[in-house]
Amino acid sequence: MRRTTSLSITVLGLLAVTGLLGAFLAGQHTPAAPDAWFFDTIAGPAGADPVWRSVLLTFSMPALVYGTALLLAGYHLYRGRFRIAALAVCAPPLAVLCSSVLLKPVFDRHYAGNLCYPSGHTTLLVATLTVFVLAHRRFGYAAVPLALIGAFGLIAGRYHYLTDTIGGAALGCAVGLGLYALSLRLRPRPWTGQSAGKSREDTSSGTRRQASPR
Numbered sequence: 014m015r016r017t018t019s020l021s022i023t024v025l026g027l028l029a030v031t032g033l034l035g036a037f038l039a040g041q042h043t044p045a046a047p048d049a050w051f052f053d054t055i056a057g058p059a060g061a062d063p064v065w066r067s068v069l070l071t072f073s074m075p076a077l078v079y080g081t082a083l084l085l086a087g088y089h090l091y092r093g094r095f096r097i098a099a100l101a102v103c104a105p106p107l108a109v110l111c112s113s114v115l116l117k118p119v120f121d122r123h124y125a126g127n128l129c130y131p132s133g134h135t136t137l138l139v140a141t142l143t144v145f146v147l148a149h150r151r152f153g154y155a156a157v158p159l160a161l162i163g164a165f166g167l168i169a170g171r172y173h174y175l176t177d178t179i180g181g182a183a184l185g186c187a188v189g190l191g192l193y194a195l196s197l198r199l200r201p202r203p204w205t206g207q208s209a210g211k212s213r214e215d216t217s218s219g220t221r222r223q224a225s226p227r
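Per this note's numbering, residue 14 is the first one in the sequence shown, and the count goes up by one each step.
A couple of the hints might just be wrong.
Label-pair ranges, simulated between beta-carbon atoms [to be verified]:
no.: 1; residue 1: 16; residue 2: 40; range: 37 to 47 Å
no.: 2; residue 1: 106; residue 2: 23; range: 29 to 39 Å
no.: 3; residue 1: 197; residue 2: 106; range: 13 to 23 Å
no.: 4; residue 1: 23; residue 2: 114; range: 31 to 41 Å
no.: 5; residue 1: 151; residue 2: 25; range: 22 to 32 Å
no.: 6; residue 1: 64; residue 2: 200; range: 23 to 33 Å
no.: 7; residue 1: 91; residue 2: 53; range: 43 to 53 Å
no.: 8; residue 1: 76; residue 2: 150; range: 23 to 33 Å
no.: 9; residue 1: 25; residue 2: 94; range: 19 to 29 Å
no.: 10; residue 1: 150; residue 2: 126; range: 24 to 34 Å
no.: 11; residue 1: 45; residue 2: 170; range: 15 to 25 Å
Rather than coming from a laboratory, the hints here were simulated on the basis of the structure.
Note that the structure is predicted; figures quoted are calculated from it, not measured.
Here a beta-carbon is modelled for each residue, glycine too, at the ideal position from N, C-alpha and C.
Produce the complete structure using the sequences and hints provided.
This is the structure we're talking about:
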């Protein structure tokens with residue numbers, strides 16, 4: 014119970030980050046101050062298109078992310094870990110639904126004529142990585158650099174603002190953790206071997222069990 018409660022609080026906090034940041038950026042067609050700073054000092058000039066930008070963009074390609082999620086689901090299905098397999102199947106499409114279908118039209122932020130907040134690619138990537146961390150916590154340290162590389166590729170390639178990827182990362186993490194918390198709540202309780210009605214009968218009748226003569 015405490016575990017699901019803490020997860021629920023974390024999910025609400027992440028959703029608040031996405032919502033509050035989106036409310037601040039809603040309807041804008043220009044970069045915010047952090048976006049402009051990141052473009053000027055880190056991402057490099059817009060006209061250049063070096064090979065490394067194309068390489069970084071592959072980390073957030075939907076085909077690669079969906080394929081990885083299916084491999085993760087297949088592996089855990091084979092191992093009999095059906096809950097993790099279900100998370101790996103459900104988290105990526107739910108992430109895209111929440112970001113690209115539901116929230117982008119609500120916040121109505123544009124980049125180069127397209128709706129951009131929150132970043133759907135970042136949401137998809139982070140949601141899948143969140144499921145991976147939940148399934149393989151020993152390798153969780155690898156998820157952060159992979160998410161950063163994917164987000165940086167989207168910014169450097171001039172597909173998104175920095176703030177788009179921040180909102181997408183928070184939303185993707187919320188989707189993964191939210192589904193995990195839901196799966197814990199829906200998990201069937203272990204059978205104790207004694208019905209609840211019988212145990213209440215024994216305690217309410219006032220009779221004491223006889224000690225064994227042996």
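Within 19 to 29 Å: is that where the Cβ-Cβ distance between residue 25 and residue 94 falls?
Given about 27 Å between the Cβ atoms, the range holds.
Regarding residue 16 and residue 40, is the given constraint of 37 to 47 Å on their beta-carbon distance met?
39 Å Cβ-Cβ, so the 37 to 47 Å window holds.
Note whether the CB distance of residue 45 and residue 170 lies within 15 to 25 Å or breaks it.
With a Cβ separation near 19 Å, residue 45 and residue 170 satisfy 15 to 25 Å, so the hint holds.
Honestly, do residue 64 and residue 200 meet the 23 to 33 Å range at C-beta?
47 Å, violated
Against the range 22 to 32 Å, how does the distance between the Cβ atoms of residue 151 and residue 25 compare: consistent or not?
For residue 25 against residue 151, whose Cβ atoms are near 28 Å apart, the range 22 to 32 Å holds.
Pairwise beta carbon distance, residue 91 to residue 53, judged against the given window 43 to 53 Å:
49 Å, holds
Range hint 29 to 39 Å: satisfied by the CB atoms of residue 106 and residue 23?
22 Å, violated
Given the hint of 24 to 34 Å, check if residue 150 and residue 126 actually sit that far apart at their C-beta atoms.
Taking Cβ atoms as reference, residue 150 and residue 126 lie about 41 Å apart, which means the hint is violated.
Taking 23 to 33 Å as the hint, is the beta-carbon distance of residue 76 and residue 150 inside that range?
27 Å, holds
Does the beta carbon distance between residue 197 and residue 106 stay inside 13 to 23 Å, or does it fall outside?
21 Å, holds
Just tell me: holds or violated, for the beta carbon distance of residue 23 and residue 114 against 31 to 41 Å?
24 Å, violated
Figure legend: structure checked against the earlier numbered hints; hints not met, in rising order: 2, 4, 6, 10.
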